[in-house]
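Chains as they are written, first to last, in the working numbering: chain A, 92 to 384; chain B, 13 to 391.
Treat the hints with caution; some may be incorrect.
The following residues of chain B were derived to be distant from chain A, with all beta-carbon distances above 10 Å [said to hold, decoys possible]:
| hint | residue |
| --- | --- |
| 1 | 23 |
| 2 | 78 |
| 3 | 152 |
| 4 | 170 |
| 5 | 264 |
| 6 | 284 |
In the DSBU-like style, the derived pairs of lysine-lysine whose C-alpha atoms are separated by at most 35 Å in a straight line are [unchecked claim]:
| hint | chain 1 | residue 1 | chain 2 | residue 2 |
| --- | --- | --- | --- | --- |
| 7 | B | 227 | A | 355 |
| 8 | A | 349 | B | 71 |
| 9 | B | 162 | A | 198 |
| 10 | A | 376 | A | 198 |
| 11 | B | 56 | B | 71 |
| 12 | B | 215 | A | 293 |
| 13 | A | 204 | B | 359 |
| 14 | B | 359 | A | 206 |
| 15 | B | 162 | B | 172 |
| 16 | B | 95 | A | 204 |
| 17 | B | 22 | A | 204 |
| 18 | B | 146 | A | 376 |
| 19 | B | 61 | A | 349 |
| 20 | A | 293 | A | 134 |
| 21 | B | 172 | A | 334 |
| 22 | A | 125 | B | 359 |
| 23 | A | 349 | B | 22 |
| 24 | B | 172 | A | 349 |
| 25 | A | 314 | B | 95 |
| 26 | B | 172 | A | 134 |
| 27 | A | 223 | B | 359 |
| 28 | A | 349 | A | 125 |
| 29 | B | 61 | A | 198 |
| 30 | B | 162 | B | 22 |
| 31 | B | 95 | A | 206 |
If you want the ones that stay clear, here's a sample from chain A, every Cβ over 12 Å from chain B, calculated [claimed, not checked]:
| hint | residue |
| --- | --- |
| 32 | 111 |
| 33 | 156 |
| 34 | 158 |
| 35 | 191 |
| 36 | 209 |
| 37 | 233 |
| 38 | 237 |
| 39 | 244 |
| 40 | 245 |
FYI, nobody ran anything at the bench for these hints, they're computed from the structure. For clarity, every value in this text was computed on a predicted model and none was experimentally measured. Every residue gets a Cβ at the ideal spot worked out from N, C-alpha and C, and that includes glycine.
Residues per chain are reported as follows:
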Amino acid sequence: MSILVDKATRLLVQGITGGEGSFHTQRCIEYGTKVVAGVTPGKGGNQILGVPVYNNVERAVAETEANASIIFVPPAFAADAIMEATDAGIPLIVCITEGIPVMDMVKVHSYLKGKSTRLIGPNCPGVISPGKCKVGIMVGEIHLPGNVGVVSRSGTLTYDVVAQLTSLGIGQSTCVGIGGDALPGSTFVDILNLFNVDNDTKAVVLVGEIGGIFEQEAAEFIKGEMTKPVVAFVAGSTAPPGKRMGHAGAIITGIAGKASEKIKALSAVGALIAPNPAEIGLTTKRVLDRIST
Amino acid sequence: MLQFGIPVPKGRVVFTPAEARAIAEEIGGKVVVKAQVYAGGRGKAGGIKMADTPEEAEKAASQLLGTRMVTHQTGAEGVAISKVLVEEASEISRELYVSVLVDSTMKLPLMMASEAGGMEIEEVAQAAPEKILKVSIDPAIGFQPFQGRKLAYGMNLTGKQVAEATRLMTNLYQLFMTKDCSLAEINPLAVTADGRLLALDAKLNFDDNALFRHKDIQELHDEEQEELLEVQARQWGINNYVKMDGNIGCMVNGAGLAMAVNDLIQYCGGSAANFLDIGTLNTTDRVVNAFRMFVADSRVRAVLVNIFGGMARVDVIARGIVEAYQQMDISFPVVVRLAGTNVDEGKRILAESGINFIEARDFYDGAHKAVQAAKGQIK
């Protein structure tokens with residue numbers, strides 16, 4: 092098993108005819124993902140990369156039975172795209188778009204309430220279950236199928252973490268980028284919950300960063316519910332307060348937003364903290380060696 | 013504030029002590045002179061001065077203007093004070109606090125109110141969290157009068173003040189939504205001796221992601237209040253640049269990785285001169301401009317390039333580095349760690365160019381070598 096995406100995933104691409112949309116659609120297809128449809132309003136009836144393009148999501152779902160969507164729509168229109176996919180009943184939406192206004196996301200969250208759709212992102216690299224399915228923009232080749240779940244607020248730092256794991260022979264069940272925004276569709280807690288009940292996941296690597304209280308919420312969950320070991324790293328120990336560090340959500344505005352506070356919370360509930368970002372792989376290896384003996 | 017019907021004291025922003033005096037005369041009576049800077053904590057830092065006469069207002073302005081103010085939200089260098097606000101000093105009986113922000117847990121706008129105004133709300137949250145009242149707002153229906161009454165009575169307001177406070181909070185919420193704020197804060201919200209409510213100080217933070225639909229806010233941007241290097245970076249198309257206190261120039265793709273690189277440099281015993289997320293690029297310009305930044309920054313003793321290509325292609329980065337060497341005189345050692353999309357091509361380009369750089373095997377090796385290079389231990 093794995094979480095969120097696998098061989099049964101039938102992917103729809105919103106914004107498939109754009110530069111990024113078509114580039115990454117091709118990469119996903121090459122990785123083995125079943126891309127069944129694309130949507131670009133006004134371009135319905137065409138084909139791109141052998142994939143039929145529709146004018147709207149509802150029609151695309153009716154004709155192709157797509158059960159997941161990846162969104163490459165520009166920031167000003169991305170919230171609308173998320174709600175359109177939700178309305179069409181798609182159970183999993185992965186939004187790659189960076190730069191969506193916070194108030195637009197407030198509306199999206201309000202719209203998602205009471206519906207069963209799960210949103211990953213925005214401003215994220217997506218989701219990959221190595222060897223099965225890639226719904227994202229990450230480099231496929233660095234991944235290795237296996238039993239460690241990865242969940243992260245970052246993109247490229249996650250690539251480095253995955254490369255560290257793979258070079259040590261540690262495969263991944265699923266890697267989930269929840270994104271660097273202040274109001275992500277899914278939080279650490281949501282994803283830890285899924286990994287917790289996934290038979291193929293034996294341990295989880297959590298990569299947090301400054302800003303918000305997502306890591307503290309994760310710590311609460313680990314304390315109360317998590318039955319599997321968690322390895323953690325929090326980026327931004329050196330970040331100055333009050334400055335936005337690239338990601339919209341990566342800004343220290345209160346005491347809880349500091350890396351040291353997050354590390355303290357995670358450490359207190361038994362998560363193993365990697366001493367530095369280059370030793371996340373090694374720390375995970377130590378944890379795996381311990382549980383296998 | 014005025015535009016949204018929020019009562020504020022009479023006053024004006026001025027740039028010279030003489031103007032401060034003139035405005036104080038116009039207002040008549042006691043005035044307050046406040047440094048106008050983009051940072052919280054200015055009261056504690058001496059940025060707010062009382063003046064009984066126009067002469068005192070002039071003196072207070074001259075003490076503030078042209079100096080730099082250091083608060084817990086600025087760096088050690090502080091920010092320059094180029095203007096001050098001169099406004100009427102009201103006789104105040106109580107200081108309250110109200111703000112609107114987006115609650116990341118509820119994913120809804122949140123109105124916060126407190127009787128403990130006049131100090132940092134974070135301090136109140138630590139010392140007396142029960143004094144902070146909160147109501148979540150449904151964006152579909154907006155801020156409701158009952159919520160206003162709940163907060164107003166909670167702050168022990170009475171009589172007409174309750175309706176007045178409710179109207180003020182409704183207006184503050186309107187402002188917050190209309191302008192795509194990430195924070196709209198009135199602190200202190202004064203209750204004057206004669207029972208009126210008056211917003212004595214306010215802080216508005218705007219959502220960077222929403223600036224495209226607010227031309228008026230883009231124009232408010234005051235570059236004087238920013239670090240010179242950060243202004244320069246933006247002019248050169250590098251939007252994700254933050255000045256740090258060290259001497260190792262960093263160029264990284266991705267914000268999380270860029271933060272982690274700075275953390276790792278510190279772990280290795282060094283210190284980064286900047287945070288720089290180069291982003292995704294298809295041309296070499298931004299790489300060349302990043303090197304221009306390092307050359308312009310006299311503190312830089314070594315440079316670390318750490319790229320894990322995903323969307324960003326390593327070969328483009330490598331070509332940019334070579335171009336930078338061709339276009340400028342690079343006197344500091346440059347450590348390069350490359351991985352990811354098109355890495356072999358990138359490494360070949362660097363090797364064949366004949367430029368003098370230090371190759372790093374991996375993430376740790378890169379940071380370690382950059383720290384050594386900055387200390388002059390390797391070249």
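We went through each hint and held it up to the structure:
1. The Cβ of residue 23 of chain B sits about 26 Å from the closest Cβ of chain A, beyond the 10 Å cut-off, so the non-interface label holds.
2. Every Cβ of chain A is farther than 10 Å from the Cβ of residue 78 of chain B; the closest lies at roughly 23 Å, confirming the non-interface assignment.
3. The claim that residue 152 of chain B lies off the interface is violated: its Cβ sits roughly 6 Å from the closest Cβ of chain A, which falls inside the 10 Å cut-off.
4. With a minimum CB-CB distance of about 32 Å to chain A, residue 170 of chain B clears the 10 Å threshold, and the non-interface call stands.
5. With 10 Å as the threshold on Cβ separation, the claim that residue 264 of chain B sits away from chain A is violated: the shortest Cβ distance comes to roughly 8 Å.
6. With a least CB separation of 7 Å from chain A, residue 284 of chain B falls inside the 10 Å interface cut-off, contrary to its annotation.
7. For the hint pairing residue 227 of chain B with residue 355 of chain A, the CA-to-CA distance comes to about 42 Å; that exceeds 35 Å, so the pair is violated.
8. Simply put, residue 349 of chain A and residue 71 of chain B have alpha-carbon atoms about 40 Å apart, too far for the 35 Å limit, and the pair is violated.
9. At roughly 25 Å between alpha-carbon atoms, residue 162 of chain B and residue 198 of chain A fall within 35 Å of each other, so this suggested pair holds.
10. With a C-alpha separation of about 42 Å, the suggested pair residue 376 of chain A and residue 198 of chain A falls outside the 35 Å cut-off, and the hint is violated.
11. At most 35 Å may separate the alpha-carbon atoms for a hinted pair to count; residue 56 of chain B and residue 71 of chain B meet this at roughly 19 Å.
12. Only pairs whose Cα atoms come within 35 Å are accepted, and residue 215 of chain B paired with residue 293 of chain A is rejected, the gap being roughly 47 Å.
13. A hinted pair counts as satisfied when its Cα atoms are at most 35 Å apart, and residue 204 of chain A with residue 359 of chain B does not qualify at roughly 49 Å.
14. For the proposed pair residue 359 of chain B and residue 206 of chain A, the alpha carbon gap of about 49 Å is over 35 Å, so the pair is violated.
15. The hinted pair formed by residue 162 of chain B and residue 172 of chain B meets the criterion: a straight-line CA distance of about 14 Å does not exceed 35 Å.
16. For the hint linking residue 95 of chain B to residue 204 of chain A, the alpha-carbon distance of about 47 Å lies beyond 35 Å, and the restraint is violated.
17. At most 35 Å may separate the alpha-carbon atoms for a hinted pair to count; residue 22 of chain B and residue 204 of chain A exceed this at roughly 45 Å.
18. For the given pair, residue 146 of chain B sits about 45 Å from residue 376 of chain A by alpha-carbon distance, which is inconsistent with the 35 Å threshold.
19. Proposed proximity of residue 61 of chain B and residue 349 of chain A is supported: the alpha carbons are some 32 Å apart, at most 35 Å.
20. A hinted pair counts as satisfied when its Cα atoms are at most 35 Å apart, and residue 293 of chain A with residue 134 of chain A does not qualify at roughly 45 Å.
21. Simply put, residue 172 of chain B and residue 334 of chain A have alpha-carbon atoms about 41 Å apart, too far for the 35 Å limit, and the pair is violated.
22. Taking the CA atoms of residue 125 of chain A and residue 359 of chain B, the gap is about 34 Å. The hint holds against a cut of 35 Å.
23. As the CA atoms of residue 349 of chain A and residue 22 of chain B are separated by approximately 39 Å, the hinted pair breaks the 35 Å bound.
24. Of the supplied pair hints, the one linking residue 172 of chain B and residue 349 of chain A is violated, its CA atoms being roughly 42 Å apart against a limit of 35 Å.
25. In summary, the hint linking residue 314 of chain A to residue 95 of chain B is not supported, as the alpha carbons are separated by about 51 Å, beyond the 35 Å threshold.
26. Of the pairs offered as hints, the one joining residue 172 of chain B and residue 134 of chain A is violated, with about 59 Å between alpha carbons and a cut-off of 35 Å exceeded.
27. Of the pairs offered as hints, the one joining residue 223 of chain A and residue 359 of chain B holds, with about 31 Å between alpha carbons and a cut-off of 35 Å not exceeded.
28. Between residue 349 of chain A and residue 125 of chain A, the direct Cα distance comes to roughly 41 Å. Violation of the 35 Å bound is thereby established for this hinted pair.
29. Between residue 61 of chain B and residue 198 of chain A, the direct Cα distance comes to roughly 43 Å. Violation of the 35 Å bound is thereby established for this hinted pair.
30. At most 35 Å may separate the alpha-carbon atoms for a hinted pair to count; residue 162 of chain B and residue 22 of chain B meet this at roughly 30 Å.
31. Taking the CA atoms of residue 95 of chain B and residue 206 of chain A, the gap is near 51 Å; set against the 35 Å cutoff, the hint is violated.
32. A Cβ of chain B approaches the Cβ of residue 111 of chain A within 12 Å, the least distance being about 8 Å, so the stated non-interface status is violated.
33. A cut-off of 12 Å between C-beta atoms confirms that residue 156 of chain A is not in contact with chain B; the least separation is 29 Å.
34. Every CB of chain B is more than 12 Å from the CB of residue 158 of chain A (nearest about 25 Å), matching its label as outside the interface.
35. Here residue 191 of chain A does not stay apart from chain B, with its beta-carbon only about 6 Å from theirs, under the 12 Å limit.
36. With a cut of 12 Å on Cβ distances, residue 209 of chain A stays outside the contact zone with chain B, its closest approach being about 14 Å.
37. A beta-carbon of chain B is positioned within 12 Å of the beta-carbon of residue 233 of chain A; the least distance is around 7 Å.
38. Annotated as non-interface, residue 237 of chain A keeps its C-beta farther than 12 Å from every C-beta of chain B; the closest such distance is 20 Å.
39. Distance check for residue 244 of chain A against chain B: the nearest CB is about 6 Å away, which does not clear 12 Å, and the non-interface claim fails.
40. Non-interface status of residue 245 of chain A relative to chain B is broken: a Cβ of that chain comes within 12 Å, the nearest being about 2 Å off.
The structure fails to meet hints 3, 5, 6, 7, 8, 10, 12, 13, 14, 16, 17, 18, 20, 21, 23, 24, 25, 26, 28, 29, 31, 32, 35, 37, 39, 40 from the earlier list, while all remaining hints are met.
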